[in-house]
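There are 2 protein chains.
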Amino acid sequence: MQHVTQRRKRVTQAEVARLAGVSQAMVSLVLNDSDGVRVAPETRKRVEEALRQTGYTVDIMGRRLRGKSNRILGVFTYEAVFPSGTADFYGPFLGGIEEESEAQGFDLLLFTSPGRRQGRRKVYEKGSNRLGIADGCILLGRHTDRDELDRLVDERFPFVFIGRRESSAGPVSYVGGDYAAATAALHERLWSLGHRRVALVGYREESESTADRRDGYLRACRRHRKTPLALTDVDPSAVFERLRADRVTAALVETTEMAVALHALAMNSGLRVPEDLSIGVLGDTDPTQTSSWPLRATPEIDWTTFRIPRREMGSRAVRILVGMLRGDIEPGRRSQVLLPCELVDGSTVAEAPRTTAR
Amino acid sequence: MQHVTQRRKRVTQAEVARLAGVSQAMVSLVLNDSDGVRVAPETRKRVEEALRQTGYTVDIMGRRLRGKSNRILGVFTYEAVFPSGTADFYGPFLGGIEEESEAQGFDLLLFTSPGRRQGRRKVYEKGSNRLGIADGCILLGRHTDRDELDRLVDERFPFVFIGRRESSAGPVSYVGGDYAAATAALHERLWSLGHRRVALVGYREESESTADRRDGYLRACRRHRKTPLALTDVDPSAVFERLRADRVTAALVETTEMAVALHALAMNSGLRVPEDLSIGVLGDTDPTQTSSWPLRATPEIDWTTFRIPRREMGSRAVRILVGMLRGDIEPGRRSQVLLPCELVDGSTVAEAPRTTAR
DNA sequence: CTGAAAGCGCTTACAG
DNA sequence: CTGAAAGCGCTTACAG
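Chains as they are written, first to last, in the working numbering: chain A, 26 to 383; chain B, 26 to 383.
Bear in mind the hints are in silico, worked out from the structure with no lab data behind them. Some hints could be false.
Treat identical chains as interchangeable: a pair holds within one or across any two.
Below 25 Å or equal to it, Euclidean Cα-Cα: the simulated SDA-like pairs (lysine to any residue) are [to be verified]:
#  : residue 1 : residue 2
1  : Lys70     : Gly46
2  : Lys147    : Arg248
3  : Lys147    : Ser53
4  : Lys70     : Leu243
5  : Lys251    : Gly295
6  : Lys147    : Asp84
7  : Lys147    : Phe114
8  : Lys251    : Ala194
9  : Lys147    : Asn57
10 : Lys70     : Val83
11 : Lys147    : Arg96
12 : Lys147    : Leu254
13 : Lys147    : Asp175
Please read these numbers as outputs of a predicted model, since none were measured by experiment.
When you get a sec, could you build the whole thing from the sequences and use the hints?
Spelled out as structure tokens, the structure:
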């Protein structure tokens with residue numbers, strides 16, 4: 026039973042030096058024997074012995090203050106990373122981030138201290154940027170604070186966003202999924218199956234990822250000289266009515282939730298999926314996320330969709346960030362990467378019904 | 026397009042001071058306005074303006090060196106925290122850790138940099154304790170490196186283990202599940218259902234959690250003056266034969282895997298669970314973990330078991346660690362907490378068959 | 001109310 | 001080969 030009540034005291038190089046009868050600088054030299062030969066063998070031995078006796082460990086703060094780099098990558102998320110449910114939006118992204126950080130020899134700093142304002146975490150607190158603790162930072166989250174993003178760009182703080190982001194303050198480095206291309210490809214697939222009335226159902230609010238999907242859809246419409254029909258998700262049954270009225274044979278919907286709703290409405294009206302209506306989902310649901318959905322009771326549907334390479338996005342973002350820190354990537358230059366999303370053939374897309382007018 | 030090629034240079038208090046026309050110390054005072062009144066309003070305003078202009082952020086290394094805490098909690102795990110599968114051993118623990126860190130205003134530093142030696146992460150690298158970057162550290166993992174643990178205790182580094190741990194170097198702070206009590210309670214439940222031959226099936230290797238379960242089992246046996254029958258998991262069919270030979274009516278098994286194996290063997294021999302054989306599992310499987318098991322094809326079984334309060338263990342560990350850092354908990358004293366594990370009544374335990382000799 | 005100074009633990013030129 | 005010194009960015013007594 027220890028009765029020592031004083032706070033744990035760090036052993037310093039100075040103490041080691043005193044024990045070994047050398048100068049503090051000598052201890053540092055022995056510790057960082059990059060050149061190896063500069064220290065006399067007996068001196069080295071004495072120092073090493075003292076090192077052992079005291080159980081000295083470097084104070085990384087001191088070393089880093091001197092050396093600048095912390096080899097710490099920040100990870101900023103707008104919500105909790107480890108949620109209480111099984112649902113985990115961040116999991117796959119962070120898997121890639123962790124893996125690559127480990128490979129690059131960086132520690133990961135999760136910013137949990139800022140607390141939440143209006144239920145969301147903040148980068149800036151009392152005018153100071155918490156992220157500065159880390160050498161650089163990966164940011165991710167479904168929601169983005171525009172002001173904070175602009176400010177981050179302004180500051181020239183090294184960071185990489187996961188998911189395409191735009192800022193009026195300048196170019197933003199990001200690693201996103203190429204939703205435009207993937208949406209266009211899915212549209213193309215429908216076209217080749219004979220569908221001539223393909224609608225888009227997506228979010229109303231304008232985020233980059235929603236815009237990209239719409240761009241892909243519009244691009245495909247233009248190519249086939251078809252008038253686009255882009256609907257908003259606010260009222261599922263209104264959307265469904267509209268699809269019927271316009272004799273739409275296939276719908277590209279932004280999320281699995283919307284797809285589930287549409288699917289249910291179709292079933293209730295006696296329409297079969299995919300025989301009467303094909304449904305393509307614009308991005309797979311993170312498998313770990315599914316279980317928390319209110320709609321989980323719905324029998325599992327094998328959606329036709331495209332795969333968002335979440336893990337790859339994470340690791341790629343780390344590689345870019347480390348490149349920025351090393352100076353390989355010019356700090357003024359921002360890296361913008363869109364990763365391809367592979368098509369997933371499910372059972373919700375089939376040939377267009379022949380009865381439908383073309 | 027920016028053509029600036031110089032590396033991002035940190036803004037220091039000195040620069041802010043120059044801009045504001047005050048001393049560097051003044052900037053620090055404005056930043057840490059604990060008393061509030063000491064700085065003249067106009068001076069404060071000038072400094073704050075300069076702060077904003079320069080986008081200054083505190084350099085945590087400098088602050089820490091000065092003696093102030095960084096409000097960073099380390100999290101050390103022996104394996105990757107975000108695995109590639111859906112399986113996630115750490116998830117629930119980390120959920121609690123994150124939540125409580127957020128509440129306490131600490132950031133979380135995940136140690137991913139040490140790389141792996143023999144496939145496992147290491148606390149000590151080149152003789153120095155990597156955890157020292159953080160103010161204190163939470164450690165967790167199914168496997169523990171005994172030498173590292175001993176050394177950590179020796180160093181008096183502030184840390185809390187999740188899961189009971191013992192060290193010859195001295196007392197270890199931990200938050201574990203009270204497996205002994207829970208096992209005894211489960212045994213008691215079986216006894217009250219008429220079971221008189223209850224066997225234990227557990228890991229061969231001696232970890233604290235295995236030992237605790239065995240202790241609980243032995244305690245219950247002693248109380249009822251029954252000879253214990255503790256078997257090892259190495260060969261499932263040998264274990265099963267032994268159970269039959271000894272006319273065991275109920276088995277307490279350490280893991281769900283073992284339970285699944287035993288269950289299958291029972292079915293194959295024409296034994297019904299629980300009518301002919303009751304099976305109690307000594308700790309619920311983390312739900313997020315299940316999906317990666319090779320045995321997942323097995324129809325879901327509603328096991329009788331006890332719930333390991335993983336999330337609570339995480340948050341409690343953080344609270345203890347923060348207490349240590351604040352000095353509320355004497356550093357010499359170690360905190361050792363075992364959280365109760367609630368019994369879960371499933372469908373794998375029933376009354377003892379009457380045909381069996383008592 | 002403000003400035004000048006000391007010092008946290010370390011690395012790295014710079015003299016001897 | 002070794003010691004003394006400077007300085008990384010910061011906070012905090014200590015004088016004015």
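Status of each hint after checking the structure:
Taking the shortest alpha-carbon separations for Lys70 and Gly46, only the intra-copy value of 12 Å comes in at or below 25 Å, while the best inter-copy value is 51 Å. Proximity of Lys147 and Arg248 under a CA criterion of 25 Å is satisfied in neither setting, with 43 Å inside one chain copy and 57 Å between copies. Proximity of Lys147 and Ser53 under a CA criterion of 25 Å is satisfied inter-copy only: 23 Å between copies versus 37 Å inside one chain copy. For a Cα distance limit of 25 Å, the shortest separation of Lys70 from Leu243 qualifies neither inside one copy, at 70 Å, nor across copies, at 51 Å.
Proximity of Lys251 and Gly295 under a CA criterion of 25 Å is satisfied in neither setting, with 28 Å inside one chain copy and 65 Å between copies. With identical chains, the CA atoms of Lys147 and Asp84 are at most 25 Å apart between copies only, with a shortest distance of 17 Å across copies and 27 Å within one. In the homo-oligomer, the alpha carbons of Lys147 and Phe114 lie at most 25 Å apart inside one protomer (19 Å), although the nearest pairing across protomers, at 29 Å, exceeds that limit. In the homo-oligomer, the alpha carbons of Lys251 and Ala194 never lie at most 25 Å apart, since the shortest distance is 36 Å inside one protomer and 76 Å across protomers.
Taking the shortest Cα distances, Lys147 and Asn57 sit within 25 Å of each other only across copies (20 Å), while inside one copy they are farther apart (37 Å). For a Cα distance limit of 25 Å, the shortest separation of Lys70 from Val83 inside one copy, 18 Å, qualifies, whereas the shortest one across copies, 40 Å, does not. In this assembly of identical chains, the alpha carbons of Lys147 and Arg96 lie at most 25 Å apart whether taken from the same copy (23 Å) or from different copies (17 Å). Neither within a single protomer nor between protomers do Lys147 and Leu254 lie at most 25 Å apart by alpha-carbon distance, with minima of 38 Å and 57 Å respectively.
In this homomeric assembly, Lys147 and Asp175 come within 25 Å of each other (Cα to Cα) only inside a single copy, at 13 Å, whereas the closest approach across copies is 39 Å.
Taken one by one, the earlier hints fail for this structure at numbers 2, 4, 5, 8 and 12, listed in ascending order.
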